[in-house]
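Peer 1: Sequence:
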Amino acid sequence: MTEIAFHVEPGAHAVLLLDQAGWHGSAELVVPPNITLMPLPPRCPELNPVENVWQFMRDNWLSNRIFKSYDDIVDHCCFAWNRLVDQPWRIMSIGMRQWAHGY
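Just so we're aligned, residue 1 is where the sequence shown starts under full-length UniProt numbering, counting upward by one.
Derived CB-CB ranges, DEER-like: (1) S69 - G11: 43 to 53 Å; (2) S69 - M38: 36 to 46 Å; (3) L40 - T2: 15 to 25 Å; (4) D72 - I35: 35 to 45 Å; (5) L37 - H76: 30 to 40 Å.
Note that these hints are calculated values from the structure, not bench results.
Please read these numbers as outputs of a predicted model, since none were measured by experiment.
Where a beta carbon is used, it is the ideal one built from N, C-alpha and C, also for glycine.
Whole structure, please, built from the sequences with the hints as guidance.
Peer 2: This is how it looks when you write it as structure tokens:
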């Protein structure tokens, strides 16, 4: 979390959305002052922006194909992920929520 806090612009504040995964909660977790944690309701994947990232990858690079093997699946997933991370503006547009613009 320190790494994320370091990259938040001075004077800005980050909000991290957390699903209800057990590893997202810990009594020992230290949250920097420029970060707020916002837990998502349980069983609501449509509210989690990362779900839209996976859907985009499936729709654009992983669907409508037959994979030859497990390694072929992994190779295609790595290719899709690498294409996406080369486009940070696309990741932001996929995960952006209109309601978050006012905060």
